[in-house]
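**Q** Using the sequences provided together with the hints, build the complete structure.
Protein chains in written order, with our numbering: chain A, 1 to 459; chain B, 1 to 459.
Since the hints were made in silico from the structure, they are not lab data.
Just so you know, not all the hints are guaranteed correct.
For chains that are exact copies, the list does not tell them apart, and a pair is met inside one copy or across any two.
What the hints assert, rightly or not - Calculated cross-link-like contacts (lysine-lysine; reagent style DSS-like; alpha-carbon spacing at most 25 angstroms): (1) Lys23 <-> Lys455; (2) Lys23 <-> Lys401; (3) Lys162 <-> Lys14; (4) Lys377 <-> Lys162.
There are 2 protein chains.
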Amino acid sequence: MKNTIFTFKGDTPKYKQIYEQFKLFIEQGDLLTDEQLPSIRQLAGSLQVSRNTTLMAYEQLVAEGYIRGEGKKGYFVNELEPYIFQKSSISPDKKQITSVKPYSVDFRAGAVDQTHFPLKTWRKISNRILNLKESFFYGEPFGEVNLRQQIAVYLLQSRGVKTDADAIIIGSSTQQLLLYLGHILKDDVSSIIVEDPGYDGAREAFQLNGFKLETLAVYETGADFSSLERMKSRLIYVAPSHHSPYGVSMSIQQRHALIHWANRRHGYIIEDDYDSEFRYTQQPFPALASIDSARVIYLGNFSKSFLPGIRLSYMVLPQPLLHRYKNQFLHFESTTSILSQLTMAKFMEEGEWSRHIKRMRLVYKRKMQHFVSVLRKEFEQNISIIGEQSGLYVLIKVHLKHSEEWLIHRASCHGVKVYPTSIYFIKNNSDEPMIKLGFSNLSCDEMELGVELLKKAWM
Amino acid sequence: MKNTIFTFKGDTPKYKQIYEQFKLFIEQGDLLTDEQLPSIRQLAGSLQVSRNTTLMAYEQLVAEGYIRGEGKKGYFVNELEPYIFQKSSISPDKKQITSVKPYSVDFRAGAVDQTHFPLKTWRKISNRILNLKESFFYGEPFGEVNLRQQIAVYLLQSRGVKTDADAIIIGSSTQQLLLYLGHILKDDVSSIIVEDPGYDGAREAFQLNGFKLETLAVYETGADFSSLERMKSRLIYVAPSHHSPYGVSMSIQQRHALIHWANRRHGYIIEDDYDSEFRYTQQPFPALASIDSARVIYLGNFSKSFLPGIRLSYMVLPQPLLHRYKNQFLHFESTTSILSQLTMAKFMEEGEWSRHIKRMRLVYKRKMQHFVSVLRKEFEQNISIIGEQSGLYVLIKVHLKHSEEWLIHRASCHGVKVYPTSIYFIKNNSDEPMIKLGFSNLSCDEMELGVELLKKAWM
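**A** Right, dumping it as structure tokens:
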């Protein structure tokens, strides 16, 4: 392992690259069970990074069980259970492995198409906003009223949600809003029902506020609501329009059943409507909040449909919660840039937002169709494609008797970054590994290249 | 009270305007003890606002003891203790009072000087940033590395704080960072020492996480640290460079004493260095974090020195806390716009930031001198001026035997908005009322007009 050439590439944090490299060393047997790792100081020195960076990498490895710290003695490699890593099937192609390669194709979900971004319009509006007097003040704690009004209009038109600007709270991310909201909800409720699999980031926000989790199993075909009756909590977090990660939508019957359940229990449904804009086969289903606004906390954001980095999210609260929220957070400053808020408000007011959404729905629909056809052509019966009706990614269930780790690792050896779905699961495991492939910012050529490389890597 | 003409003005939220109007009615005796208020529905209808708005206004009045709710019967006026409101001294100048007037001069702290803002440079850089590929992705959870590197350089040069980019966490506001940090700290510590008076927003963030508060009395001349020994907590929140609201700085002896205390207790000091840039009489004192980074959690932001609405704050964490924080929040999305972060990083890298700070220090120094001289000339011995050495506001202690409420109210009748300091106090009351006057976004003419009107209102 000594004298390895290690080159940092791309914008992945260095500690992650170090972590991934060491994981590889251990999986490949370059580092043996009980072998000592270089000290934090040594490694930091030889890689020319801070000690903190190396420590972060090591801690991640400790957390995942690859290594252990033995106090002042240092860090040592743990014995690995062979079935996890399927060592034998990893090709010992050292040259490809020992330096962290830049990826030729990154199937990352959570980026947007840059080529169709309305750059000129956005610039023009945001430059105008910088001339306004109000841009030089602190903003309203719950968000600028102009933006809240525009969101109210949009929610009514496109999601059937009747609300007014006063009931909308602007925040910087779904997790930040869930964390703040949790401070209100935890006075009444000690546990929450979450989907399994489901969005891991939301779970973490609930757990930080001390909520216990009950899990509702979700399958490719949807959730089984009959188990809800056995659960203790009267609070549930769901993504009815586009389940994460399966992409399945709740039927209208399921929506009514859920509302009915919440009413009987005097509970609340947290509806995360995170990318309802991109549905390709039919009109989006109406939001739960359009059926019964008294029992639904509605969450939306501009990350998928506009720009993830702008950090602009919102929630609509039912009246009693709204008052408690506003009382509690009245003296908290807004967490969202007033410039972004005012620019987005103007962008919506001038009709640019709805034009953008319509345009992007078409762009992404074409990309989805192309991507799915390429995947089918290359992999035929070796994969199943899940979630092609909507959203900016698909899952592929890979019928090749390899583990998720192996698939990701092999892809990475061929310069393709693909993503796990195991992070979304709690107890309800998938029978075969599923890989998440985002395509929103890839060109058709990049998609084709990526799929071709994946085929080489896996088959 | 019926048929009052009520006009909403300016950008103050409507519920606040309603709340202020009703407070006035009660203080003036337009609404008598036990008189019933209009119902939420009636008032909302007659003012053409949402019920939520009127409910918020009423709830604020309930919270402050002006009125009480009696369930379905409605809201009723409470009996007021005469000394609080000094009813007799309020002029019954009805015409001026019954409509909410727009303010001629608003001495609001927390805005910045718009005329000297580097608009062209900022625009140029932010337009360039929108062309970058990384602007179309989610950002790093703890902030963009470019910005963290620039902040590290700035902290070393201007505050003597040696840190590296890895130890810096970018957030959207001081309160958001304190709230997130509190989730880490509360595992170890159940109470926190806060300054009295001190920043109310920080207290609320601590209380949301269940921290009990112990109070350290602070006077115009500074805090008395001898009481620290009697306190139970090993966690303290202070603003050593510019106390809020007194503006006093801790001496170097006090700084060392505080560090010594934290070391003995194995505790932490949260140092809020919120507007250290603007010190007019001498060089800024070095930050606590420059003396002992292992015991100090350092907080800074760009709200006072650049733009409050941009929502860009940061903290520097000591190593053990840093790892815990990063482990806990590794999967939380950033709360701050990647566009603002990358623009600010470039702005700093190109030297624009330090040029801006130098320019603004001069601008604000001149404003402060002018403001203080006008206040002295008009009020002579009737006020004492507190905190003129630094910052973007002064306090004036008013020796006229009137309450804070009366002073604010009378000012408002003359079209001048001034701000209370009582909100900063917990137990340690001020002997005479103190009014907070911000001047950062006012011209010399506006300051003069404001002071003239205040003199008319008060004397």
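**Q** I want to check one pair: lysine 162 and lysine 14. Are their C-alpha atoms no more than 25 angstroms apart within a copy, between two copies, both, or neither?
**A** Only across copies: lysine 162 and lysine 14 sit 21 angstroms apart there, 46 angstroms inside one copy, limit 25 angstroms.
**Q** From the Cα coordinates, with 25 angstroms as the cut-off, is the pair lysine 23 and lysine 401 best called within, between, both, or neither?
**A** within (21 angstroms within a copy, 72 angstroms between copies)
**Q** With identical chains, the pair lysine 23 and lysine 455 could be close in the same copy or across copies; at 25 angstroms between alpha carbons, which is it: within, between, both, or neither?
**A** The answer is within: 24 angstroms in one copy meets 25 angstroms, while 72 angstroms across copies does not.
**Q** Is the C-alpha distance from lysine 377 to lysine 162 at most 25 angstroms within one copy, between copies, in both cases, or in neither?
**A** neither (44 angstroms within a copy, 56 angstroms between copies)
Hint compliance for this structure: hint 4 is the single one not met.
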